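S.K.: Sequence:
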Amino acid sequence: MRIFDTLSVTEKELDTSDRVRIYLCGVTVYDDSHIGHTRTIIVFDTLRRFLEFQGIKVEFIQNFTDVDDKIINRAVSENVSADSISSRYIANYFVEFDRLNVKRADVYPKATEHIGDMIGLIKTLIEKNFAYVSSNGVYFSVSKFHEYGKLSKKKTDELVSGARVEVDETKKDPLDFALWKFADGEPRWQSPWGPGRPGWHIECSAMSLKYLGTDFEIHGGGRDLIFPHHENEIAQSEAYSDKNFAKIWMHVGMVTINGEKMSKSLGNTKSVDFVLKKWGANIIRLFCLSGHYSKPIDYAEDMLKETITKWRQVENCYYELVLSDNLQANPEDMTEIERTTNETKKEFIDALNSDFNTSLATSAFFKLVRATNQLAASERLVSSIAGTVLPVLEQMLDILGLKISKVTEEEKNKINDLIDRRNMFRSQKKFQDADAIRKEISDMGIVLIDHKKKVLWMKQERIGAEG
RNA sequence: GGUGAGGUGGCAGAGCGGCUAUGCGUUCGCCUGCAAAGCGAAUCUAUAGGGGUUCGAAUCCCUUCCUCACCUCCA
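What the first sequence shows, in this note's numbering, is residues 382 to 848, in sequence order.
It is possible that some hints are incorrect.
Stated by the list, open to error - Simulated restraints, written as ranges between beta carbons of each label pair:
1. I830 x V476: 32 to 38 Å
2. K795 x I471: 39 to 45 Å
3. Q755 x D798: 28 to 34 Å
4. K451 x G501: 21 to 27 Å
5. P677 x K795: 45 to 51 Å
6. E459 x R383: 42 to 48 Å
7. N711 x K793: 28 to 34 Å
8. H527 x V476: 41 to 47 Å
9. H527 x K784: 48 to 54 Å
10. I437 x K810: 55 to 61 Å
11. R383 x K784: 25 to 31 Å
12. D464 x S735: 40 to 46 Å
13. S735 x E539: 31 to 37 Å
Hints listed in this document are in silico derivations from the structure and should not be mistaken for laboratory results.
A quick note: this is a predicted structure, and the numbers were derived from the prediction, not measured.
From the three backbone atoms N, C-alpha and C, an ideal C-beta is built for every residue, glycine too.
Model the full structure from these sequences, guided by the hints.
M.R.: Here's what the structure looks like:
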């Protein structure tokens, strides 16, 4: 599979010969996660599912930044400990991303649990003369790392001339960034240079190195992390190890709202909780995968609504397949559907192999859905066809992380009972009674599909936006 | 100002030298007791403007205009 690498600005072949190690920069746990975090995490979850579907071993690490000024500020304003803030949002994170059907990473390392690793790294950087101690903390000396700027394509002299770099008189160079900050208040940790807290960037270097080693396959995150976070990670890590840090840098585009970037600092975010209540996991996943991962997508309610229509087609398709009559298809239909199934499956996989083009992949997926629904609409969908289509459809659903709402055996029996009663009323032309039953079924979240000679049903996911 | 990514039909979104995806929308229709769901047909022949290369360009080159992101914490 080929993936676009931000560092080399080219598509690179992903080395899957042994295992694929992925480090994804996770969230700072000081507030609710939002749809922007969601997109990045869903993209990587889907990538991981796709690799695993192919039998490739994946080691997936995603960190939590649980020491940060924002966490401390929040703790102060709520008059609680920093730890209680980060624990709360980490707990929320798991609730929400489980609901989004995101597979758990192999490890979710926390910064606070790796202070020792960071100190070790900083020590070496000082020994190698890449870092120095000032009265405020320990700083990385950017000018010592000659490749600084290679990821973000920035030249250090241009960065200096830009007026937006932080002013700190104790730094030797305005570009230098903190590895360790001296601090009086809590939380703080002892270090050889004095008590304090680690800088933001060093945690990812320390934790990726610890869990994945050097030169691992993919390092990812949102585009906004390219500078300075990932640039600084590269500087620290490569200065420390003298080895290449990551083989491929994969960056996910921003989610905008009304064309404007969504971010906590702008205060225009849509929280995961909000979008889950409004749209549900399947719609959000489809939305997040609707465009190429590297490009921005706009959170627009009309687009989300369209996605509901598509999802209904998928639900219909699935239940038509599952509930099809136990019959043999006519040979022409069989040949045709086998061809379509194979073609769409190939299209789907080829698209994902080509820089993870989820937009193309989902369009192949919908082609298969439509072909199936066509057969259903013309009363030609039978079990032998389902036997061909269903396994492929389920594979695609699984890779995309989509989940069809299912019913229990008990509910199924009840539905069939009610359908029988309704049919009876219908045959007696007691349509009001029949409609009352239809309403009762609909209240269970079940929609009836009246075919010419049979009545099928499907479970529809309840979606908040539909009221 | 610097750097990067883009500008494709009413909308979303692929394609990245020839065969102009796909979906949504809209209109009409099929099906139905009526619906719903689904399906069909029609609609839409689009590639920011201007040059060029080529037998042939949305796709390559030049240029103009515009949008967004990053350059401070951010997924």
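S.K.: Next, verify each hint and record whether it holds.
M.R.: Outcome of the hint check:
no.	hint	in the structure
1	I830 x V476: 32 to 38 Å	holds (34 Å)
2	K795 x I471: 39 to 45 Å	holds (40 Å)
3	Q755 x D798: 28 to 34 Å	holds (31 Å)
4	K451 x G501: 21 to 27 Å	holds (26 Å)
5	P677 x K795: 45 to 51 Å	holds (46 Å)
6	E459 x R383: 42 to 48 Å	holds (47 Å)
7	N711 x K793: 28 to 34 Å	holds (29 Å)
8	H527 x V476: 41 to 47 Å	holds (45 Å)
9	H527 x K784: 48 to 54 Å	holds (50 Å)
10	I437 x K810: 55 to 61 Å	holds (60 Å)
11	R383 x K784: 25 to 31 Å	holds (29 Å)
12	D464 x S735: 40 to 46 Å	holds (45 Å)
13	S735 x E539: 31 to 37 Å	holds (34 Å)
The structure is consistent with each of the numbered hints, conforming to all of them.
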